[in-house]
Every structure is written in C-alpha cells, then in structure tokens.
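J.: Listed below are the residues making up each chain.
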Amino acid sequence: MIIFADKSISTGLTGDDLEAIELLLHRETEFLDRARYDEWLALFTDDCRYWVPARKDQTDPVNEISLFYEDRDLMEMRISRIQHPRAHSLDHPVTTSHVTGDRVIEAVNTDRGELMITTRFQVIEHQQGEQRLFAGVYRYHLRREGEGFKISLKRVDLINCDAYFEPLQVFI
Amino acid sequence: MKGNYDTDHIRSLVRPDSVHRDVYLDPVLFELELKRIFARAWNYLCHESQLPGSGDYLTADIAGNPVIAIRGEDNLIRTLHNRCAHRGAKVLGNGQGNAKVLACSYHGWSYRTDGALLSIPCRDNYRGTEVDENPAGYGLTGIRTDSYRGFIFANLDADAPDLTDYLGGAWRALDNMVDRSPDGELQPVKSSFRALYRNNWKIYLENLHDGMHPLNVHQSSIAASREQLSRIDKTSGKTPALALQLVQANAQGYRQMEELEVTCYGYGHSDMRGFRNPDNDADPAYREYVSRHRKSYGKEKSAQILNTNLHNVNFYPNASAHPRFLQMRVIRPVSVDRTAIEINVFRWKGAPDEINQRNIVYANTIHSPSSLIKPDDLEAYRRVQEGLLSTGQEWISQHSLFGPDTDDAAPQSALSEQYIRNQYRSWLAYMCNPGSTGDG
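Taken in sequence, the protein lines are chains A and B. Each residue of the first sequence is one higher than the one before, starting from 1 at the first, in my numbering. Each residue of the second sequence is one higher than the one before, starting from 1 at the first, in my numbering.
Note that these hints are calculated values from the structure, not bench results. Don't be surprised by glycine CBs; every beta carbon is placed ideally from N, CA and C. A hint or two may mislead.
Calculated cross-link-like contacts (lysine-lysine; reagent style DSSO-like; alpha-carbon spacing at most 27 angstroms) [unchecked claim]:
(1) Lys7(A) x Lys150(A)
(2) Lys100(B) x Lys56(A)
(3) Lys295(B) x Lys238(B)
(4) Lys100(B) x Lys35(B)
(5) Lys90(B) x Lys56(A)
(6) Lys190(B) x Lys349(B)
(7) Lys100(B) x Lys90(B)
(8) Lys301(B) x Lys349(B)
(9) Lys56(A) x Lys190(B)
(10) Lys150(A) x Lys56(A)
(11) Lys150(A) x Lys301(B)
(12) Lys90(B) x Lys190(B)
(13) Lys234(B) x Lys100(B)
(14) Lys299(B) x Lys238(B)
(15) Lys238(B) x Lys150(A)
(16) Lys56(A) x Lys35(B)
Computed, partial: chain A to chain B, Cβ under 8 angstroms [stated by the list, open to error]:
(17) Thr59
(18) Asn63
(19) Met75
(20) Met77
(21) Tyr164
Based on the provided sequences and hints, a complete structural model is requested.
T.: Written as structure tokens, this is what we have:
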C-alpha cells in the first residue's frame, strides 16, 4: 500500500502514477527473487546507483567504504558474474525471497519529476541448505522517465550493516 | 590426530615441502596455536590515528583474550586486559568509543585509562584484605605494547623479541603506507569490513601471494569485467571505471605472475610486489598528488616511495596489509575451521581527495563482503577445509619452486610456494617451543 509520510506533501501524482509506482516497486524485488536480472536492471535509470552503506546514517558513499556502491556498469558486471558458468561460489545458486511493507512517499519534487520512497523489507536468502535473514529499510529515488518511472537510487539500510558477513553475492 | 602433542609429534607434521592435514583440522592443535603462536607473536591492533584523543579506545582479541587498546591521559596508547579485577567481567563492551574512566558495569569497580585501580564502591568492606593492601595488583593488567610508524602491536609474551626485530624487513610495507602521505600521516576511514571465513586461519595467509590461483578461481569475475570493458569500449567517450580495471587485473597470466617478486622475512612474514601499477602520469589528480608529494620528500625520495608498489603483505600470524591501497586487515582465529577478518582503510593526509577515493573504490570492489572476487577465494578456502577431511591423502603439497629455503633465501616469484614454506618454518619454531611455563 502507498501512503504519504506527511499530509502536506503535494504530489501532483495521478492515480495512474501511483499504480505505476506500485508495480515498479513490486517488480523490483520480484525480478530479484525470480533471478530475472536483465529485466530487473531495466527498471533503473542509466545513471542509477545501488548502495548498501557500511554504517548507520552514512551520507557519503565516495569518501567512506560501503558494503555495495555500484553504478550501472558494476551492476551489469555483477549480473554477468552471477550468470557465469564458472562462478565457483555460485555452483549452488543463491535464491532470495523478499517481503516488503508499506511504500511511504517521503518527498516529491514535482519540477524534477523525482520522488523518494521508503519501505521496510525482510529478505530470506538461501544457498546450499542454509538460510540467512536480512532486514531494514529500502530508500528508493524514482524519476519520471517517459510514460512511467525508473529507479535512480536503491539504498539498502541493513539493521546489521556492521556485522561479520559471509559473502554478499546477489543484490539484497 | 594422535592426541600426543610433544615436540617430536608436532615436528613430524611439517616436512620441508609439505604439511600434514592435521594442522588444519585438529582442534587441540588449534588451541595450542593460540597459546604458542598468537600469544607469543606481536599482534597488530590498530593504527594510532584510530585513537586520536585521550580515552579513545577499541576492543580486540589476542589469542582468545579480550583486550582494550586505549590512549591514556599521558597520550600513550596502552593495551590492557579487558577483565575486571573483581569478578572477571569484561569492563568495556565490544566496540570503539571514549572513556575517561573505565567503570565495570557489574559492581562499579573503576580504573584509570592506564589500567590503575581508581575506586571500589563500599571500599571499607575490603579493609585488611589483599585488595586493600595491594591495590596495584587489582588494576586492569597491562600487555606489552609497541608501535611502528603509528601501527600499534601488542604481545602477551614478555620474552618476545622487540617489535622492530620481529618485523624485520617487513617494516618496509608499513613505511610505504605512511610515506605515501604528502604530510606523512594517515587518517582512518570510518567503519570497517568484517568477514567470516569457513576455513582455518592459515589457509587465508597461504593465498595472499598465490599467483597460481587467479586464472582458475577468478574466471567468473575476470570474464564479467572483460565483457563489461568491451561493452564500454564500444560506447564512445566513456572511460571505464577504476573498479572494472581492478577486477580485470586478476587476468594476469602465469608468465606475468612469474615476474612478481615475493620476499620472505623472519617470523613467517612476507610481501609481494604489486602486479600492476595503477597510477597514470597523465591523470590530473595523480599529477597533483605527485607534485604535493615531491614538495614534501624531494624528487628522488618521492619517486622511490611512489615506485614501491606492494600488493599483499603478511605479518604472520595476525595481520595482512595492502600498502598501495592503504588497508590493514586483522586476522582472528575463531576455531579450527572459522576465521574472522576485519579490514580498515585509511586516507593519506595531504593527498587530493580523488586519490584517497580510489582506495575506497578498491576496498568496495575487491574487499567488501559484496566483492565479485572474494566469494570465489572463500569458496576455494572452504573447499580446502572440507577436502582435507578426506583420509585419502595425509599430506598437503607445497612443492612449487622448492629450493633450499633458508632465512636469507633469494626472493622467488608469485608462482612459488616458498612463502608458505617460510610460514611453516616459523610455525614449527613457535609450536615446538613449550615455553618456560611448560605450555606457553
């Protein structure tokens, strides 16, 4: 469900817009769960970023380290690596199942056709008989492109971003 | 696993060109390694820049001992056992912070930043006891601490050699890390990467100069980066990101690896020449960096520093460094088949931001838990750990470029297993020394 963080947010969003946003965000996690990575990547703008900060409240991805900080080139490279037949650590593929909460429209910039949406998530990741759990908040920046919207930023704030991790091979 | 850990038995596990699988599998040997190796070696804890102010501390682990590295009011950084003298609770929880007084959360015994006992609630109740008569014996026990170029090391063994003797020639990597700063100072980057490996700690150290593995292990990331680079080549006016070039760097053939010098030092340390000069003289940010660097060191010395391109460095047994991209990694043996690694990245004070940002790109791309490269390394380590459960073969081969391995042997190449044999000479020396107390 889409809700507004604040009643004062003047959206200029039509019912069709809200429907398009709901579908976009549904596909964003659904394509990951179905390992349809090429379709997943098509949901993003050319200048997009996929960012998983290494600490709470991190604002700087350039001068500080991040668990992931990828532009489209690096996202494409991760996808080709996942699909490569000799990725030894993926002999047993990683599969995920995402559950997301309400989509909260936090801010809208009508002039630039941009909006910021947050949603809570839980992801169960499975590989070779073992499961692990990720949880936190997704922050999406969406931008109007043509008829609909695309994702210009997916920021993943993990509640355990400072934990000891085993490899993070697929997008969370 | 024979359950007999006398010197003769331990010696029988290591041959000049191979080791017995027990050294990766036997939990009793693992416990003995903590006592005889980790509790006697200089353990790297942090760089002094991570503890800039009085009372700044971080917690760590040395051979299973919870410890605190803390800067005192006198500006000295000390290492203290993180164990209250009263009932034994850890005085500080795990992590990093600042404390002017170290107060135990259990009964409120408190200590100064130098470890001395400061106060005890209801002190009168201790009148006439050992605590009252000998308060100096009821502080946070200090641990021998020394530093080299600001890198702080601690050693539980009072009889260990001095830090500089221990580091031997391997200090050149630490020098280079600091000397690459135009101001001669490091600054820590916030947060760190923490990783859990499903392998014995030695398997990690045995991979860090291994020029034989990338073409096999890293096929998937080499292919993915090659594909991406060729896609970008076709897009006019676009320069491939540094991250892609860094991943592609693993595509070095055996011939190129053969040209890389790996130098062994005493106590199991070793370093490896960088396999690719990532610097580009035509790049404006690099030119600005070189010009600032030359101003500080003079042309000749500056060139000497910047031409020293070291890839991984092993400080046996608990640390590894990447001098060129300014990383320190702490190795913590968790159990016989689990190892925790923590990586800290630094900045060169006085260098242009853009230059320091490349160290961040390198860390994110190659060494973060999300690295495209590391998972295949970790998979290889794990397969070794699991493969060794096989009783089909007792011995692990380290024969590549076997030669007379002596302490002053000439450096060999990244195709040689000399540096692993060097680690085992040190392993034997530590492990065959029961110590004055009988068991380390």
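J.: Run every hint past the structure and note whether it holds.
T.: Now the hints, each set against the structure:
| no. | hint | in the structure |
| --- | --- | --- |
| 1 | Lys7(A) x Lys150(A) | holds, 24 angstroms |
| 2 | Lys100(B) x Lys56(A) | holds, 25 angstroms |
| 3 | Lys295(B) x Lys238(B) | violated, 33 angstroms |
| 4 | Lys100(B) x Lys35(B) | violated, 32 angstroms |
| 5 | Lys90(B) x Lys56(A) | holds, 26 angstroms |
| 6 | Lys190(B) x Lys349(B) | holds, 15 angstroms |
| 7 | Lys100(B) x Lys90(B) | holds, 17 angstroms |
| 8 | Lys301(B) x Lys349(B) | holds, 18 angstroms |
| 9 | Lys56(A) x Lys190(B) | holds, 11 angstroms |
| 10 | Lys150(A) x Lys56(A) | holds, 26 angstroms |
| 11 | Lys150(A) x Lys301(B) | violated, 52 angstroms |
| 12 | Lys90(B) x Lys190(B) | holds, 25 angstroms |
| 13 | Lys234(B) x Lys100(B) | violated, 59 angstroms |
| 14 | Lys299(B) x Lys238(B) | violated, 34 angstroms |
| 15 | Lys238(B) x Lys150(A) | holds, 23 angstroms |
| 16 | Lys56(A) x Lys35(B) | violated, 37 angstroms |
| 17 | Thr59 | violated, 11 angstroms |
| 18 | Asn63 | holds, 6 angstroms |
| 19 | Met75 | violated, 10 angstroms |
| 20 | Met77 | holds, 5 angstroms |
| 21 | Tyr164 | holds, 4 angstroms |
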